[in-house]
Amino acid sequence: MSKISGIAASAGIAVARAFILEHPDYSIAKAVITDTEAEVAKLNDALEKSKAELTAIKERTLAELGEKKAEIFESHLLILEDPELISPVIDKIREELVNADYALNVVAAQFIEMFENMKSAYLQERAADMRDVTKRVLNHLLGIHYISPAEISEETIVIAEDLTPSDTAQLNRQYVKGFTTNIGGRTSHSAIMARSLEIPAVVGTKSVLSQVKAGDLVIVDGLNGDVIINPTDDVVAEYKKKQEAYNLQIAEWKKLRDEPTVSADGKHVELAANIGTPNDVNGVIDNGGEAVGLYRTEFLYMGRDKLPSEEVQYNAYRTVLENMKGKPVVVRTLDIGGDKELPYLDLPKEMNPFLGYRAIRLCLDRQDIFRTQLRALLRASVHGDLRIMFPMIATLGEFRAARDLLLEEKSKLIAEGKEVSENIQLGIMVEIPSTAVLADQFAKEVDFFSIGTNDLIQYTMAADRMNEQVSYLYQPYNPAILRLVKIVIDAAHAEGKWTGMCGEMAGDSTAIPLLLGLGLDEFSMSATSILPARSQISKLSAADMKELAAKALQLGTAEEVAALVQSINK
Amino acid sequence: MQTTFRIIDEDGIHARPATALVNTATKFKGTEAFAEAKGKKVTLKSILGVLSLGLEAGDTLTLITEGSEEAEALNALQEIMVKEGLGEVHE
Chain A
384 MSKISGIAAS AGIAVARAFI LEHPDYSIAK AVITDTEAEV AKLNDALEKS
434 KAELTAIKER TLAELGEKKA EIFESHLLIL EDPELISPVI DKIREELVNA
484 DYALNVVAAQ FIEMFENMKS AYLQERAADM RDVTKRVLNH LLGIHYISPA
534 EISEETIVIA EDLTPSDTAQ LNRQYVKGFT TNIGGRTSHS AIMARSLEIP
584 AVVGTKSVLS QVKAGDLVIV DGLNGDVIIN PTDDVVAEYK KKQEAYNLQI
634 AEWKKLRDEP TVSADGKHVE LAANIGTPND VNGVIDNGGE AVGLYRTEFL
684 YMGRDKLPSE EVQYNAYRTV LENMKGKPVV VRTLDIGGDK ELPYLDLPKE
734 MNPFLGYRAI RLCLDRQDIF RTQLRALLRA SVHGDLRIMF PMIATLGEFR
784 AARDLLLEEK SKLIAEGKEV SENIQLGIMV EIPSTAVLAD QFAKEVDFFS
834 IGTNDLIQYT MAADRMNEQV SYLYQPYNPA ILRLVKIVID AAHAEGKWTG
884 MCGEMAGDST AIPLLLGLGL DEFSMSATSI LPARSQISKL SAADMKELAA
934 KALQLGTAEE VAALVQSINK
Chain B
106 MQTTFRIIDE DGIHARPATA LVNTATKFKG TEAFAEAKGK KVTLKSILGV
156 LSLGLEAGDT LTLITEGSEE AEALNALQEI MVKEGLGEVH E
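Chains as they are written, first to last, in our numbering: chain A, 384 to 953; chain B, 106 to 196.
Hints are computed from structural coordinates only; laboratory data are not their basis.
There may be inaccurate statements among the hints.
Straight-line C-alpha distance at most 27 Å; calculated DSSO-like pairs for lysine-lysine [unchecked claim]:
1. Lys710(A) with Lys143(B)
2. Lys188(B) with Lys475(A)
3. Lys145(B) with Lys502(A)
4. Lys132(B) with Lys451(A)
5. Lys134(B) with Lys502(A)
FRET-style restraints, in silico, Cβ to Cβ [as the list claims (entries may be wrong)]:
6. Thr109(B) with Glu828(A): 50 to 60 Å
7. Asn427(A) with Glu193(B): 33 to 43 Å
8. Thr165(B) with Asn630(A): 34 to 44 Å
9. Gly686(A) with Glu193(B): 38 to 48 Å
10. Glu189(B) with Asp474(A): 27 to 37 Å
Computed footprint of chain A on chain B; a stretch qualifies when at least three of its residues, placed anywhere within it, have a C-beta under 8 Å from a C-beta of chain A [claimed, not checked]:
11. 111-121
12. 124-137
13. 146-158
For each residue, glycine too, the CB sits at the ideal point set by N, CA and C.
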């Protein structure tokens with residue numbers, strides 16, 4: 384038995400066997416070949432092996448999960464036998480004297496593009512099937528041994544260097560009981576996704592990948608940030624007990640699901656959820672979210688090889704709005720750059736990506752990308768209560784430029800006879816200190832603020848939040864941060880506007896009393912934090928918290944602030 | 106031989122019924138089978154071809170068979186269209 388520590392990224396406890404997830408390299412080079420028939424034979428061999436694999440998966444799925452789930456593999460099998468796919472690949476090998484993997488990749492890309500441009504959302508998703516099938520054949524052509532996370536069919540703990548958004552999107556909650564990674568922190572994407580999937584996770588262990596072998600029994604303690612490898616029976620029993628206690632607590636919180644969020648002295652605030660994909664909306668509803676406070680649209684742009692079309696985006700936004708049934712949905716426009724790269728945009732490497740060409744800076748420059756997103760949003764606006772916010776606004780000029788593009792696209796859509804809602808609130812993320820300081824001026828022109836604390840803290844403290852060596856400077860309770868938050872909230876209220884917060888801080892039990900006291904109107908957090916937060920707020924007096932916050936603002940350090948908040952718990 | 110259908114399934118033609126159509130068409134080795142819709146004609150022996158038509162509820166789809174077993178093939182295909190609730194014969 385051995386134990387390693389990491390960062391508790393998603394609450395809960397999981398006990399299962401390890402599944403090692405490593406990413407193959409699919410870079411394909413075009414080569415000139417001489418023996419075309421040998422190349423065709425290689426292709427046929429890879430196709431046969433892929434079919435054998437799929438047949439086995441299909442039969443297993445049929446036996447374990449039923450006919451419905453197995454159908455998809457039947458379609459994959461047919462694609463592998465499809466003359467419309469195979470003949471052009473063979474022709475390409477014979478006529479252009481190219482390698483089989485290159486020929487397959489080129490032909491498959493055409494079909495992927497065809498599906499992506501289809502009108503129906505269902506058919507657009509078939510592009511993913513095409514990608515899966517292509518990768519399966521490429522595995523054999525390139526000699527790669529790879530099992531995709533989607534194929535996991537027994538209870539497992541996923542062990543990886545890091546998880547990409549597309550990996551996490553493929554994780555089947557029925558089988559994946561938890562995951563643990565070498566890198567990442569509480570605010571890295573894999574951690575955020577784990578919380579929205581409600582899978583216990585420990586990230587940033589530095590060494591779990593080298594210490595665990597496939598099939599080892601692993602405990603992931605997402606409450607304390609521990610990973611236990613090959614535990615003794617006693618330890619397993621102890622953790623099972625802990626798991627039960629946690630589940631009981633969850634059941635207690637669930638009772639608050641359909642209740643409003645009201646403090647002990649009757650002040651109402653809104654508890655909203657942060658989401659990354661339309662699939663996350665179920666979790667928001669299940670956890671009693673009163674709104675979506677942050678819809679991160681960049682996941683639409685990730686895990687693919689070109690920009691998503693207006694249609695793809697429209698369908699996603701519409702789905703979220705419809706499923707939220709009239710409750711507010713705050714959509715953040717594309718926030719790419721920094722730690723979130725898009726290979727197909729081919730952005731230059733920067734020395735300081737967090738201070739560079741990203742988010743609204745990129746969107747105002749690449750208006751083709753931005754206008755497509757704005758059109759999709761405007762068209763979706765008739766399906767619910769849409770609110771749009773721009774990320775990384777540093778100057779009022781940037782906000783005005785983005786707003787003007789939105790208004791231009793709106794007029795164009797109306798001229799085209801399309802319906803657009805007249806009640807779209809327009810706001811900004813406050814995550815750059817210059818904007819927080821000048822909030823009174825912004826408040827005259829925006830409908831709302833949403834404070835993005837993850838970035839606001841890193842920019843105010845000048846500390847990269849991905850750099851573990853300076854992680855001590857990530858101080859949400861630092862009075863400097865609290866004062867900035869106060870400036871923003873007061874500025875909004877002076878103009879009759881509202882302020883939300885969509886960073887991790889909004890769901891933090893130490894920060895919540897202070898934020899309530901500072902007058903925050905909307906708290907947006909991981910869906911699973913909502914019920915604990917509602918329970919906590921119901922026991923706090925907003926008037927008392929106002930006094931507490933006033934005291935905190937006069938303290939000198941984050942530690943003193945944390946100690947002050949702890950004192951009220953006694 | 107040919108029969109024209111109007112698609113009634115509100116989800117259009119999905120992968121599952123498309124799979125059934127392709128599997129059936131492929132059984133008739135000596136008979137060619139085609140699907141024609143929106144001015145595009147594709148072989149019914151290709152799932153990618155059938156899906157590429159992007160069929161949605163309300164569209165019309167013509168199934169065409171040519172060859173030694175054209176009548177049997179068309180019958181079998183029509184049965185799937187009706188049994189799966191995909192479409193109704195369009196006069």
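Please write out, lowest number first, the hints stated earlier that are contradicted by the structure. 1, 2, 5 and 8
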